[in-house]
Structure formats: structure tokens, C-alpha cells
Amino acid sequence: MHKKVAQDKYQHHDYYGIDALLTEDHLLARSAVREWVKKEVSPIIEDYSNRAACPTHLFKGLADIGAFGPSLPMEYGGGGMDEIAYGIIMQELERGDSGIRSMASVQGSLVMYPIYRYASEEQKQKYLPKLGSGEYIGCFGLTEPDHGSNPSGMITNIKDMGDHYLLNGSKMWITNSPLADIAVVWAKDEEGVIRGMVVEKDMPGFSAPEIHGKWSLRASITGELVFEDVKVPKENVFPDIKGLKGPLSCLSKARYGIAWGAIGAALDCYDSALRYSQEREQFGKPIGAFQLTQKKLAEMITEITKAQLLAWRLGSLANDSKATPAQISMAKRNNVDMALNIAREARQIHGGMGITNEYPVMRHMMNLETVLTYEGTHDIHLLITGMDVTGFNAFK
Amino acid sequence: MNSLVCISKTPETTAKISFNDNNSQFDTEGVQFIMNPYDEWYALVRALEAKEQHGGEVTVINVGPASNDVVIRKALAIGADKAVRVDTEANDAFQVASEIANYAKTGNFDLIYLGKETIDYNGAELGAMIAELLDIAYISFASKMEVDGNVAKIERDIEGGIEVVEVQTPFVISAAKGLAEQRIPNMRGIMMAKRKPLEVVPSSSVQAKVSVKEYKLPEMKSGVKLVDPDNMDELVRLLSEEAKVI
Numbered sequence: 073m074h075k076k077v078a079q080d081k082y083q084h085h086d087y088y089g090i091d092a093l094l095t096e097d098h099l100l101a102r103s104a105v106r107e108w109v110k111k112e113v114s115p116i117i118e119d120y121s122n123r124a125a126c127p128t129h130l131f132k133g134l135a136d137i138g139a140f141g142p143s144l145p146m147e148y149g150g151g152g153m154d155e156i157a158y159g160i161i162m163q164e165l166e167r168g169d170s171g172i173r174s175m176a177s178v179q180g181s182l183v184m185y186p187i188y189r190y191a192s193e194e195q196k197q198k199y200l201p202k203l204g205s206g207e208y209i210g211c212f213g214l215t216e217p218d219h220g221s222n223p224s225g226m227i228t229n230i231k232d233m234g235d236h237y238l239l240n241g242s243k244m245w246i247t248n249s250p251l252a253d254i255a256v257v258w259a260k261d262e263e264g265v266i267r268g269m270v271v272e273k274d275m276p277g278f279s280a281p282e283i284h285g286k287w288s289l290r291a292s293i294t295g296e297l298v299f300e301d302v303k304v305p306k307e308n309v310f311p312d313i314k315g316l317k318g319p320l321s322c323l324s325k326a327r328y329g330i331a332w333g334a335i336g337a338a339l340d341c342y343d344s345a346l347r348y349s350q351e352r353e354q355f356g357k358p359i360g361a362f363q364l365t366q367k368k369l370a371e372m373i374t375e376i377t378k379a380q381l382l383a384w385r386l387g388s389l390a391n392d393s394k395a396t397p398a399q400i401s402m403a404k405r406n407n408v409d410m411a412l413n414i415a416r417e418a419r420q421i422h423g424g425m426g427i428t429n430e431y432p433v434m435r436h437m438m439n440l441e442t443v444l445t446y447e448g449t450h451d452i453h454l455l456i457t458g459m460d461v462t463g464f465n466a467f468k
Numbered sequence: 322m323n324s325l326v327c328i329s330k331t332p333e334t335t336a337k338i339s340f341n342d343n344n345s346q347f348d349t350e351g352v353q354f355i356m357n358p359y360d361e362w363y364a365l366v367r368a369l370e371a372k373e374q375h376g377g378e379v380t381v382i383n384v385g386p387a388s389n390d391v392v393i394r395k396a397l398a399i400g401a402d403k404a405v406r407v408d409t410e411a412n413d414a415f416q417v418a419s420e421i422a423n424y425a426k427t428g429n430f431d432l433i434y435l436g437k438e439t440i441d442y443n444g445a446e447l448g449a450m451i452a453e454l455l456d457i458a459y460i461s462f463a464s465k466m467e468v469d470g471n472v473a474k475i476e477r478d479i480e481g482g483i484e485v486v487e488v489q490t491p492f493v494i495s496a497a498k499g500l501a502e503q504r505i506p507n508m509r510g511i512m513m514a515k516r517k518p519l520e521v522v523p524s525s526s527v528q529a530k531v532s533v534k535e536y537k538l539p540e541m542k543s544g545v546k547l548v549d550p551d552n553m554d555e556l557v558r559l560l561s562e563e564a565k566v567i
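So the protein sequences, as listed, match chains A and B. For this note's numbering, count along the first sequence from 1 and bump the result up by 72. For this note's numbering, count along the second sequence from 1 and bump the result up by 321.
Just so you know, these hints were derived from the structure itself, not from any lab. Quick caveat, the model's predicted, so the values are computed rather than measured. Any given hint could be a false lead.
[What the hints assert, rightly or not] Simulated DEER-style distance windows between Cβ atoms:
#1 A:85 x B:470: 44 to 54 Å
#2 B:375 x A:428: 43 to 53 Å
#3 B:335 x A:420: 20 to 30 Å
#4 B:562 x A:78: 28 to 38 Å
#5 B:521 x A:314: 51 to 61 Å
#6 A:221 x B:520: 54 to 64 Å
#7 B:345 x A:92: 19 to 29 Å
#8 A:283 x B:538: 46 to 56 Å
[Unchecked claim] Some chain A residues near chain B, calculated using beta-carbon distances under 10 Å:
#9 108
#10 112
#11 116
#12 138
#13 151
#14 152
[Claimed, not checked] In silico DSS-like links for lysine-lysine, alpha-carbon gap of 27 Å or less:
#15 B:546 x A:357
#16 A:378 x A:394
#17 A:132 x B:515
#18 B:465 x A:111
#19 B:372 x A:132
#20 B:546 x B:337
#21 B:515 x A:202
#22 B:515 x A:111
#23 A:196 x A:394
#24 A:378 x B:337
#25 A:273 x A:110
#26 B:403 x B:465
#27 A:81 x B:530
#28 B:337 x A:357
#29 A:110 x B:515
#30 B:337 x A:81
#31 A:81 x A:132
#32 A:110 x B:498
#33 B:498 x A:132
#34 A:81 x B:474
#35 A:468 x A:317
#36 B:337 x A:367
#37 B:474 x B:498
#38 A:111 x B:372
#39 B:515 x A:394
#40 A:357 x B:542
Just so it is clear, CB atoms sit at the ideal spot from N, CA and C, and this is done for glycine as well.
Excised from the complex, chain B in its bound form:
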């Protein structure tokens, strides 16, 4: 079973977020980056489990500049066999999906994995776009998968419950919590990763269709107000006038 795992680079979850150029650019100064956790913890690890169970090869793919290599190496250190980086800035989902689909066409992949969303821009459309561009099935929000030959039985998280579906390979799967368990790379894996191939391929020059005009940060939350238990009138006034809940 050959898998392609799409990995994205996102800011570390505790990073302080700010913008420049009239709030149209994310200010990366001093920001530490990580692999998108849904890609790393669930998509990549499930692909590695599938390889361990059924054989085959795990390839990771990222669309981005050379500064993304450290994240790609991490995927290799966790256990992927080889990596591909499409050498261009990632500007919108259509462009990234097109680049990945173009690469996927050159290989023989039974499964294409990615996280259910990216934790930075809440991107969740890539999987559907890749599937459409390749004309194959797309299973989103997968929290469990069993593979038997070329048939996969998958549990999907849906509102208030679980949907169980069956699908034939090849297909695209977006990974939710539960699909696998996080693996932290060990030192041996980090050293082995240096010897694994990281192929840099040129962009197929797909143009982005969407551009960002402005970012807005949420308004600061006000602090907690403590009301004396004897002062019920004040509590009622605050609930009515400030919180506007009664």
C-alpha cells in the first residue's frame, strides 16, 4: 500500500500572532513553526501504520519554500520513507491542491492522507480539491480506518455521532483525532532521516485564485468580574446591562 501524506507547516500553538503591511501579511518574525498536528499526529502516523500492516511506501509532500525542510525532515524522522517538496510559496488551497494532484498523478498512490484541517488558517478544503482533481473519492473527518485488500472501512465523525463508510482505493482521506496516536521522533529516526531522499520538484506554475486582503484579530476578552455574594442587585445589573443575558 503506497501512501502520499500531505503535510503543512503552521505556527506553534503558543505563538503570538501579529500582522504587518496594513494587516494583510502574517508577521513571521520570532514565530516558531511546527508540522500541522492533524497532518503529523493522525494522517502521517496512520499512513505509517498502514505500511507496517500491509507493506508499501510512505511519501510525504509539502508545497513551500526551502525553510519548510525542517518540518519535512521531521516527517522523515517519524518514519516516512521519502519526501517531496514542490518549490513554490503556498498561496491558496486551489494552487496547493493542484500542485499535489499533479505530483500524485506521477506516482502510484493507493491512499492520499491529510489532516482534517490546518490549525492556522482553518483550511479544510484541500482534501476535497485533490480528490476532485484526481477524480477519486474523498472521505473527510476519519477517526478510524480498517483496510482489507483494496477496500477500506472508515468511521467518520459527524454531528452528534459516527458514520461508517466503505470505499475502494485509491481515495483521499482527511484525518481527525482518533485515527492514530502521535509518535514523537527519536534520535535514531532523526539521524536516519538525513539519509532519506527529499526531492525538490519545480512548481507546475498553477496560479492562486484567492488572495488575502486583511486579517483581523478577535477583540480582547474582558477580565472576570467578581461580585460580592451580598450584592445581588449589582449581579443582576451586570447580567442585564453588560452581559445582556437577562
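Here chain A stands alone, though its shape is the one from the complex:
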């Protein structure tokens, strides 16, 4: 039975007038993606999330609005926009759902970006337009069952067989993998050097089983990548990049998008909590009139405003190619943690209603548990900042 879906009443919150720092393109991009989310995501997301089903039809819509690689050049299937526009698009998508944002982040930052940056011109022509248009779905294989925070310990490997490489190993927690037409895979060569390559879904020996039972990002599909003697043509291996900096540069792009995206989830929770606090009455007045509710809401908008300023400044640095990986780590860590705390507080303001799917907060809260952990855990990003300011490596 289909339940009537509540209207998405979301309104943007800009307490410090940060919109004045944005250009016309940024505002247009934001309103376009917001309209798309209200039309295509909000009416279906609770149902798909409830059923742990991936709304695969949205890939085409994400491609059509230009959410895949918006900051890549137009001639390679991108949108030719700046980094702030990319951030804003991720924010609006995550305002709808972190899983939908993840679908776009992976395609743009983790698949199109490495192909654009590291692949041969032939590979770019072969894959990028199809990825940009949504004809191909991509995924990114770095994390392994036994190597999450320590990717350099990976055991997935390639052996040079003369006219091709032989790929063996497995990857874990791969967004989009069961649907993917291609996978950007990182594996060690015989000298132990990390290399990147494109693996196509119909290559014999390659499979991508789905991971079931997630209580988070339920509308996003996640799987493994299993390689058993997969013959990878030599031209599929990225010629120009060796070592961990290849995958890490992609992660910097994706983490940058998450730093913006998490604000979207936080804004949606705050928006819902603020409206609920003005409508819900107890003891003869709206619960927003009580000091403890005001404390929660005031702290939420303060934290959101700080995160917005952090993201905007990071975006300005990124536009000048000056954002360091450590600066991106700080923003990802701060903004995701901020969003998760706001989701939890917003859940409290909604009282019992907060645990139902009549409101978006518990879905965001459960999603953000993943966002806190993927693309570098909360603790790992702390250690990156720690190393950056002290000069000491505390990872090992």
C-alpha cells in the first residue's frame, strides 16, 4: 500500500548571507538541483530507503541535470563549472539523501575524475562522454576487506603477462559496484607499486556481488569487486600515475564534495526541526518557545553557519587549486560530524515522530553514520590534521 508522501517544504537557510558570496551560476545550479530533488527524490526516497532498494532510474536524471563531473571540462562530458558549483550540487543532492549524493560523488569524483586526470586520451574519449551522460555507471575500487584506513597495505595485484595484465584480489564497500559497467581499480604491480586501471564488467573472472543488510545509505547500492585471473588489456592501465597519490587525489575530490554535501543533510534536519518546533504544541504553546528547544535550534544554525563558511572558503581555495588534502580533511571531518550531531538533536525535537519516515531526520542520521566513516574515517581525518600541524605521523 502506498502512503501519501508529505510535501517537501524545504527552504534554504542562510543566516550569514553567504549567498552574497556566490555567483549567478552557483545560485542557478542550486535552484535547479533543488527543484530536481523536490520533484524526483523527495517523493520516493522514504519508500526506497525503507525497502533498501536503489532508485536506479535516478542515474539518468542525475546525468541529465549535469550532476556527474560538473567541474570537468564540457568536451569530456563534464559541466565546465567551478569547484563551488560542484560543492553546491553535492549539498543539494545530499539535502535529499546522502545515498543519492553518493551515486553522483562516485561517478564524478572517483570514476570520471581519475580517467580525466590519469587516463590516455583514447581512454578519455572511450569512457568519459558515456559516464557523463549516464550511459555507463562507474565505481571505484580501493578499499579491501582487510585494508580500509590503510590502503597501502592492499593485496589486490596485477602481473605482467606480456600482452596483458592478470588481476587478482577483491575490494569491499564499493558504492554502485553491482550496477557498474566499469570499475576504476587500484592494484599493486609486481614491484609493489599501486597502479590504476579500468576494468569492464564483462571481463571474464570479474564479479560484483551486492552487500546486504545495511542500516545506512539504504537507497544506495553497495557491493564487492572480486577479481579471479581477470585479463586486463594493457591500454586499460593508467599510464601516468604510480603510487598511492593516484587514489588519494580522487579521494580529495570526493571528500571535498562530502564537506559540502553533509551541510545539505544538516540543513534538511534543521529545516524540519525548526518547522516542527513552530507547529507542535505542548503545555499550551509551540515547543519552539521553550528554552531547551531554542538551545538546540540556536546551536544547530550556529554550527551550520560555521560549516557553510568553512565550505565556501575551501571552495575558493579549490577554485585557485590551493586547497590542500589536509584542509579538505578538516572540512570533511568537521562538517560530517556537525551534520550527524544535528540529525540527532533534530530527532529529539521531533519527539516520537522523529523515529518515523514521516520526517527525514532519522534517515539522514542513519546515512550520516556511513558518511562519518567512508572516504576516510572521522578519526583518520583527525590524524591527518594532527600530522599536518605537528609534523609527526601518528598513523603507525
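Using the hints, position chain B against chain A.
Structure of chain B alone, referenced to chain A:
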């Protein structure tokens, strides 16, 4: 087929509406603005469809200050070829219609589109005024249109049904739901829009004939009262004394 599409800027539908200056001015502080949905979803998109089918050019026109440019850019991002903004505050329908008609006279437009109404002030007279000033036909509340050469067959929403009319170009058409389907601009369109011309033309100094004296908000609706099923007397009393329906 060359089209002119009139676009208006309206407050976002969830905006909180308040007034200042003794309730004579709409307080725009903190209000987010959008393109009037009837102009955007139906009028503009139908003009773009006509261009896709029959060729020609789509020009959008707005009467207003520079702060309207973001709405105009959106129309360009959705697919209009060029834009014109008549640089003056829009004060009443006659003034706006006169400015648009004056501009339309300088071009060679087969069709002038606009939404059937604006969602802010419920304005719906602009189309008729433009048609009158240009001495051409006006078809209102159009929900379907087929064009063959210089003849258009149009379905109009009328009370309880549909009227089918035929008209020769040029004419003015006001768009209702059904005439086209909303298009959301994509990122590529937004970037292309920057390179499209937005011409700012001076006002022809037409004076408004109507001025607003006061706005009044509707009275707040009272909440729902739940009556216990066993207390029929109370239900009858409320229906009789408060709702006054029996």
C-alpha cells in the same frame, strides 16, 4: 517561428508573506524569488518546443530591475536564445503590457507567450492588454496547441470543459497546465546561458495607472476540533453555533 516569452518574477511558494509601510508594500526581506511557474513550466517550454519543431528563435522579456537577472538567466539556461530586460520597476499591468508591446513592435514575433496568471498578485490581464496594444488576437488558458504553418489549433480550458479554437499568427497566448511539461535547467545549460545575450533596454516611460493602497492577509484559520463520538450534542452545537452550517 519566432517567439517572445514574457516572464515574471514571483516569491517562492513557501515564502512567508508580510507587508510594511502601513501594509502598502510587500516586505521582500528574506524572501526567495522564482520565475512565475506558469511562465516557466508552460509558456517558455512550449515556445522552446515550437522552436524545436519549426525552427526560429525564442526571446524572453522581463520588465524589472537588475535584480531580476537571475530569473532571466534561468530562462536562458532552460533554452531561450536571448533575453531582454526593460530597465524599470514594474508597477501595474498596463505599464508592463505597454513596455512589452513597445518592444514587440521592434521585432518580428509570430507568437507572444505568457503564463495564464502570476502566482503572486493573481495578475492575468497582461496577455489581453499586450494583444490589444498590438491589435492582434489573444488566446487565454491554452492547455494544448498544434501549429501548422501560420495556423494554430488551440485547446482552451473553459468552465467544465475544453474549447477548441483556430487562430492565425501572430497572436498572444496565455499558458495553462498541460500546454507543456516543466524542464529543469542542467549545468551545461547554466554555463551556456552566460554566453547568451541579455539586452537591457531603457523604459519607454509609460506611467502606471493603478497604485496599491493596502494589502490585507487572510484571517488565520482556526484549528481542527475533535469531538468525541459519544458526544453528538456537542457536535450538533458546534455545527450550528460555530460553523453555522445547520
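Tested hints:
For the hinted restraint 44 to 54 Å between residue 85 (chain A) and residue 470 (chain B), the CB-CB distance of approximately 52 Å keeps it satisfied. Taken as a hint, the range 43 to 53 Å holds for the pair residue 375 (chain B) and residue 428 (chain A), whose Cβ atoms sit roughly 51 Å apart. Distance hint check for residue 335 (chain B) and residue 420 (chain A): the Cβ-Cβ separation is about 25 Å, which falls inside the suggested range of 20 to 30 Å. Distance hint check: the CB atoms of residue 562 (chain B) and residue 78 (chain A) are about 34 Å apart, consistent with the given range 28 to 38 Å.
For residue 521 (chain B) paired with residue 314 (chain A), a C-beta distance near 54 Å keeps the hint of 51 to 61 Å intact. Taking the beta carbon of each, residue 221 (chain A) and residue 520 (chain B) are about 57 Å apart, inside 54 to 64 Å as hinted. Distance hint check: the CB atoms of residue 345 (chain B) and residue 92 (chain A) are about 28 Å apart, consistent with the given range 19 to 29 Å. Hint check: residue 283 (chain A) to residue 538 (chain B), Cβ distance near 53 Å, so the stated range 46 to 56 Å holds.
Of the supplied interface hints, the one on residue 108 (chain A) holds, with its beta-carbon coming within about 5 Å of a beta-carbon of chain B, less than 10 Å. The restraint placing residue 112 (chain A) at the interface with chain B holds, with a minimum CB-CB distance near 9 Å, inside the 10 Å limit. Proximity of residue 116 (chain A) to chain B is violated relative to the hint, the smallest CB-CB distance being about 16 Å (cut-off 10 Å). For residue 138 (chain A), the interface hint holds, since its Cβ comes within 10 Å of a Cβ in chain B; the closest pair sits about 3 Å apart.
The interface hint given for residue 151 (chain A) holds, since its Cβ lies 4 Å from the closest Cβ of chain B, which is under the 10 Å cut-off. With its C-beta approaching chain B no nearer than about 5 Å, residue 152 (chain A) sits inside the 10 Å limit, and its interface hint holds. Pair hint residue 546 (chain B) plus residue 357 (chain A) holds up; C-alpha atoms about 17 Å apart against a cutoff of 27 Å. Restraint check: the Cα-Cα separation between residue 378 (chain A) and residue 394 (chain A) comes to about 21 Å, which is no more than 27 Å; the hinted pair holds.
Among the hinted pairs, residue 132 (chain A) with residue 515 (chain B) is consistent with the structure: their alpha-carbon atoms are about 25 Å apart, no more than 27 Å. Note on residue 465 (chain B) and residue 111 (chain A): the hinted pairing holds, with a Cα-Cα distance of about 23 Å set against a maximum of 27 Å. With a C-alpha separation of about 25 Å, the suggested pairing of residue 372 (chain B) with residue 132 (chain A) holds against the 27 Å cut-off. A C-alpha spacing of about 26 Å is found between residue 546 (chain B) and residue 337 (chain B), which places the hinted pair at or below 27 Å, so the restraint holds.
As the CA atoms of residue 515 (chain B) and residue 202 (chain A) are separated by approximately 26 Å, the hinted pair is consistent with the 27 Å bound. Distance check on the hinted pair: residue 515 (chain B) and residue 111 (chain A) sit about 26 Å apart at the alpha-carbon level, within 27 Å; holds. Among the hinted pairs, residue 196 (chain A) with residue 394 (chain A) is consistent with the structure: their alpha-carbon atoms are about 25 Å apart, no more than 27 Å. Among the hinted pairs, residue 378 (chain A) with residue 337 (chain B) is consistent with the structure: their alpha-carbon atoms are about 25 Å apart, no more than 27 Å.
Between residue 273 (chain A) and residue 110 (chain A), the direct Cα distance comes to roughly 33 Å. Violation of the 27 Å bound is thereby established for this hinted pair. For the suggested pair residue 403 (chain B) and residue 465 (chain B), the alpha carbons sit about 25 Å apart, so the restraint of at most 27 Å is met. Annotation: proposed proximity of residue 81 (chain A) to residue 530 (chain B) is violated, straight-line Cα distance about 37 Å (limit 27 Å). As the CA atoms of residue 337 (chain B) and residue 357 (chain A) are separated by approximately 21 Å, the hinted pair is consistent with the 27 Å bound.
Proximity of residue 110 (chain A) to residue 515 (chain B) is assessed by CA-CA distance (about 25 Å); at most 27 Å being required, the pair is judged to hold. Proposed proximity of residue 337 (chain B) and residue 81 (chain A) is supported: the alpha carbons are some 12 Å apart, at most 27 Å. Only pairs whose Cα atoms come within 27 Å are accepted, and residue 81 (chain A) paired with residue 132 (chain A) is accepted, the gap being roughly 25 Å. At most 27 Å may separate the alpha-carbon atoms for a hinted pair to count; residue 110 (chain A) and residue 498 (chain B) meet this at roughly 19 Å.
This hinted pair checks out: residue 498 (chain B) and residue 132 (chain A) have alpha carbons roughly 25 Å apart, not beyond 27 Å. Taking the CA atoms of residue 81 (chain A) and residue 474 (chain B), the gap is near 38 Å; set against the 27 Å cutoff, the hint is violated. With a C-alpha separation of about 19 Å, the suggested pair residue 468 (chain A) and residue 317 (chain A) falls inside the 27 Å cut-off, and the hint holds. Restraint check for residue 337 (chain B) and residue 367 (chain A): the C-alpha separation of about 24 Å stays at or below 27 Å, so the hint holds.
Between residue 474 (chain B) and residue 498 (chain B) the alpha-carbon distance is near 17 Å, which keeps this suggested pair within the 27 Å criterion. This hinted pair checks out: residue 111 (chain A) and residue 372 (chain B) have alpha carbons roughly 26 Å apart, not beyond 27 Å. About 26 Å separates the Cα atoms of residue 515 (chain B) and residue 394 (chain A), which keeps this hinted pair within 27 Å; it holds. At roughly 17 Å between alpha-carbon atoms, residue 357 (chain A) and residue 542 (chain B) fall within 27 Å of each other, so this suggested pair holds.
Hints 11, 25, 27, 34, counting from the list given before, are not met by this structure.
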